[in-house]
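Student: In order, the protein sequence lines correspond to chains Y and X. If you number the first sequence the way my numbering does, the last residue is 1100 and the count never jumps. If you number the second sequence the way my numbering does, the last residue is 10470 and the count never jumps.
Please keep in mind that the hints were generated in silico from the structure rather than gathered at the bench. Some clues are possibly wrong.
[Unchecked claim] With a straight-line cut-off of 25 Å between C-alpha atoms, the simulated SDA-like cross-links for lysine to any residue are: (1) X:10187 with X:10035; (2) X:10035 with Y:196; (3) Y:798 with Y:882; (4) Y:913 with X:10470.
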Amino acid sequence: MKRNVVLGCLFLIVALLIPGQINAQYGNASKRKVSGIVTDTQGEALIGATVTLHSSNNKVIGTLTDMDGRYSISINSEFDKLEFSYIGFLSQTHVVGKNSSLNVTLHKNDQQLDEIVVTGYQTISRERATGAFAKVSADKLEQKRLSSLNSVLEGQIAGFNDGKLRGVTSMNGMTTPLYVIDGFPVESSRYTQYGSLEENIPDLNIEDIESITVLKDAAATSIYGARAANGVVVIITKKASKGKTNVSFSSTYTFSPYSYYMDNRTDAADIVELEKGWADNNPKLKVSANSSGYITDAAAITYATNYKKNAIFTSTGMQSILDYYSGNISQTDLNTTLGSLASKGYQYYKDVEKYAKRNPFYQQQNLRIGKTTDTNSFQSSVTYKNNQLEDKYSQNESVGINLANITDIYKWLKLELGSYTLYSNGTTQSYNALNPGFDYMPYNSLIGNDGNPYVSTMASRFSESTLNTIKSKGLYNMDLTPLDELGRNLTRSKNFSNRTYAKLNIKLADWLKYSVQFQYEYNTIRSNKLRNKESYDVRSLVNGFATYNSSTGTVAYNIPYGNVYFTENQFSNAYNFRQQLDFNKTFADKHDLTVIAGTEARRSKIEYSNNTLYNYDPEMLSFELVDAKMLSNLTGKLISGSYFYPSNMTYLKELTNSFLSIYGNAGYTYEGKYTATGSLRWDRSNLWGTDSKYQNKPIWSVGASWNVNKESFFNVSWVNMLKLRLSYGIGGNIAKLNAPYMTANYSQNTTVGGLQGNINSRPNPQLSWEKTTTTNIGADFSILQGRLNGSIEYYNKKGEDLLASTMGVPTEGWGYSTYKINNGGMRNRGVEVTLNGDIIRTKNFTWNASLLYGYNKNKVTYVNVKAPVYYLQLDYPDAYPVIGNSYTAIYGYRWAGLSSTGLPQVYDGAGNKVTHQPTTLDAITYCGSTVPVHAGSFGSSLSYKNLELSFLLIYNLGHKMRNKFLPALNNSYSSAINGYITDFAPVNKKINNRWKQAGDELKTNVPRVVYEYESDYSYDSYSMYSYSDINVINASNIRLNNVALSYKIPTEYCKIAHLSSARIQFNVENAYTWAANNDAKYQLGGYNSPNYVMGIYLNF
Amino acid sequence: MKKIIKNILYSLIIGLNITLNSCNGYLDDVPKGQKIPETLADFEALLRNEYNCHRVDITQANLLLNDRYPSSSNLNYYPLWKANYMWDEAADRVKLNNSDETTYYASYASISTCNLIIEHAPTATNTTENERNTLIAQARVLRAMNYFNLVNYYADTYEATTAATKLAVPVISSADINAPSKQVTIKELYDYILKELSESVPNLPEKPATILHPGLATAYAFYARVYLQMSDYTNALKYAEEALKLNNKLYDWVAYYESNKSQILNPISYTATSSPYNYTYVENYNYRHGSSNNASTETNIPVSRAERFEDGDARFAARWKVRTVGTDTYYAGTTNGYFNYGGLTTTEMYLIKAECLARKNDLTGSMDALNAVRKTRILPAKYQDLTATSITDAVKKIWRTKENELIFSIVPFADARRLNLDSNYARTFTKTVNGTTYTLSPTSHLWTMPFPMGAISNPGNGTITQNVDK
């Protein structure tokens, strides 16, 4: 399937290209004049294009085109070809023949063939690069809504998938690439409320992006040192073009209809049937009603009353059924109630849509102003975003301001200053109507029969004993009104961040440059959540810590009733200082040498704190002190189940990272044909994990390239460019939280006092940086007058010394937990193909297509770990990788069909069919990888005059996922019954195809519903079924990621409005998903409704 | 221009120099929120970590004794629970014990912490020689306690005739990665425990820093427990009396009952009262948790188990109340808080003393010790002094009280295994469920628990052999 797609696309492009061949004429020539005009595809004259004379063994620069793009040149018979070249365009070579006039149209170099490569440390010509670089230019981004960096990059870079480049290369270190903006790495690590670090994509005004270069292999990334093993994304922002002031404005409005997919979900009737089944099959309830329709059997009544009293099942349907068997309502009443419930369809979801959700709406405006003169270039932009999210009270807005200026102070001294500032604030709703705090079923509603908001009463949820406690002790009411809760307890956050840099470039000589660069980053995030005293959350919290003093007969609320105010503060800063010497000289016209050398220092710091105040008065700013120590040890709570931890008062975190580096890089090119490069870098850091002899290990790379088309023997006229590349090198990676020493953390012991210690990690003296060796072989080409160009890469990324889990020995006190040492090995091999072609290129009509393909195969080559218990292998495959399998594996049992009584069966290690979960590892098989094997995109754009239609298809093929939405009832723990009971909840509608009678096992794989009182009820049926390989589903999918229709307003109209150009664009995002499997499509969000975007783009 | 170039080159060289030479200062920031333990206090704090050090889980022993009530659905959910609770000798418990059994893992985690302290305390800073020795001694006592629990769970009980040939559990004395361990014989393990105790006693304080730290009295009490298990009544008596010299207080459960009477006697209220059996319980020598270190509500017990308590037992009435939920009827726990199931208390010393005196045929002395405990438990209206007619009679009466008093600790299980060896006391459990009669014979293999599968499959630098076939 996937192979066909790829081949098909390739065929399509090649086939369509053939008719558009070039013309060439042959003949002998004597000395004479040839003249003509050189233009671009728009018919604009190219001024200063180079015309080079070619003979069989020589090349001589002939002339340059004039202000009108004209040239005129004398040639003798020795020279039979003319080459036309211009920066940013593809060179063309023409055989002169008998012509005295030769007009040439040069084509813009597209993404793969831009003349320069920006690494962040230097800008080199593409010709001399030996590494694997992929570039996306601004005009390619135009077709998409510029909402976030990730969405912009989607489908644009072969090998870049789901925020990761070339697969997962680390088991415990970072797996995300390094982001570099205008030469500086920007890391956006943040603490979560729970103390874990998360990596974020840096903020910037996306409209400012001029180009994005992704550095993939070691030759490209090794200059970034220990943090570059996952690739580097280098972003360059726009500079104003010379001439008049550049002003542009854009505005987009995105409408995203709220959608909650229900078609694969049990409806009210399905649930009622399952609930009825509980009573119908229950041996304790095999009784019939008396003549007036009431149950009179004492045993049944006792049983049912007890279930109701203890609130074991709280759904509306079950409550009615229990009411009937308790003798409270008649059979007719029950049937009426159940019939009415069953007729409700998807009532609850519809109410949620109607009362609790809205259609998300996003808007974004951007204004950009810039001006460039001979000695100064100024650029500024402002982006305003406003997002209304689907939760009614959730919204956020932000303003991003970007300023940059480059001044030539002297001819030899240039100063660049830049600053990006982002202000944002947002509100997040904390109550979710789809997780409302009571057992809802599709038949429930958010509005009661009386038209008032639905109230989930405490009587419907709590046992008699708890209700008695609440009432007799006078605790706060525990009724819950979902619609009242929606607007309560909102989290409000404010964010300010700034990045400012200064760069001083000193030209010491034409061939030597010295630069000093400094960047400071500053970021604060403040958020607060006022937990309203009216809210269920606060009532429940206060009740949970109430105790009763039997001698005085009073209730003590150990947490005072009142608003609870949670505030969170996060502050981070980072600076980066770099100085660098750039040497660039050509000797004897054919030896080109480029060398850079520099030092870099970087330090970043994150501080996090949160704080909770009780009985807070937002008017008076007053609050009440609570005795946290007493609360954390409080016993004899009237309602059990609440715990107080020190973090319920205050929580603090801090992290500082410092790096010092020395780096150098050299490239040598001979005659513009052969290039050799090498780079070397040492990093030292304050991280414990690297404070050892191992951190002196340099990170290095070597590379070579050959511009085949420049060879005189290479005379293939339809090949405009062909370059072969080879690189090899080592990249590092850091696991920030590991140490070579034994480390411990300490906290207050709240029961006996003093500090208590906890060992974090065992001593690990061999801890070092992870090493990833990459071999990359690549070719770049451009053929048929640049109408088809692209590149092909092969890579072998070998991870060694990866921090890998190693078996924790129970006897050594490390139980089933594992610890990490540098002994893991992993390999990622892959192929990447990028093709871009202009299928039709006429004045009014162009058709362009591009295809990206990435193949990635991951294999674990060494680990020393084995899951000690079977379920750990199933649940934590990344902690227990298996040699030979992919690291991103899914494991499962081999499905053996249903038993003759409808129970799920799998094969155990010995190959027997079993109905209980096998507990040995040999029963568990490898079911595939969660990372796509084949991934990429196919995009095409058609333009006719001012109208352009484009689309982008993104495909991910050959991977697996576990089906999480099963047609089976799970178990849930009931504290009342001290055990597991059948969990009535909306499940996959396929449950209607379940086994119902003998023989069904031949027709269905959906197990019978087994209620908790049955002898066949087994704790592991559900988990065994969920882990079986029939529930590991093919996740292959193709997504119509973006469709754009744009119209360029004709120049004459623009002029009226004093515009230089204007464009209106309509996009549909995530328009459609094709998936190999409907359950996979559901889990991938393939049934969600698309986003509709309307945008206008103006240039003044 | 030349000057500028010179200056720049100069500064670049200085820059490089700074990078190379002074990086140590720049890179010296150590991560916050954690540290490398160096001082003695850093190591001592490890002992205050109750989750790592002081959880004593003996779930399967409680189930085998039918001391703990598992709901019928839980029995279905956990086949290993069912095998032990229903005394199913046919069940292959080796195979069923496939989860990370806390009994094993938590005990060795505690041992590992003790090993770390024992290994690092001698070089720890900011301390005196005395403090060092005290901490080491405390860690050694704690480690020995863990081994005692392990050997009385995963190996056969101590019997002088077989102890030297039967295997116990792996002993490991270093916290290093890949440290060797050896599954020693039962005799070797008891010898090891006794040696650890005798070498630690001189360094133990009478008043340790916290109730989690073993003190001198703890060591004596533990000595008594170990010697009793070895049926060495002379030494057991000696150490029980030593322990009682340091603390012989008994908690007044009758008074507790009186002050919480309204709640205890309300038949529909299951609201919990605060458990006094916590860190500050006057009977404590030391404190260790049961399976959980969180405050919780006391475990439920079966009706048949409730029937074995004495009539008028205030401690029983304060802790459990009959409850029916669905089809299950049991005695629900009604106290909430912390329970010293894993530590040592004065009650146990009184009762060890009573048994040792009985074994020496001092029936009066024996019954005096027993009654001293009972007086604080049995409501005055129901209380009568117990007397014994023979050694066997005395031991049986002591056993009854001891089982009730120390329920959920390792003691009832260890006592049952010990007394089952003697035909005078050997006891067969029987029960009838849904018309089927189940029995647990005193010689059943069920009395020895299998090691969890994770331990067997990953023994580390040593070997582990199951002490029971299934």
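Student: If a hint holds in the structure, say so; if it doesn't, say that too.
Tutor: Verification of the hints:
Straight-line distance between C-alpha atoms of residue 10187 of chain X and residue 10035 of chain X comes to about 40 Å, which puts the hinted pair past the 25 Å bound. Taking the CA atoms of residue 10035 of chain X and residue 196 of chain Y, the gap is about 18 Å. The hint holds against a cut of 25 Å. Between residue 798 of chain Y and residue 882 of chain Y the CA atoms are separated by roughly 16 Å; this keeps the pair inside 25 Å, and the hint holds. Between residue 913 of chain Y and residue 10470 of chain X the alpha-carbon distance is near 22 Å, which keeps this suggested pair within the 25 Å criterion.
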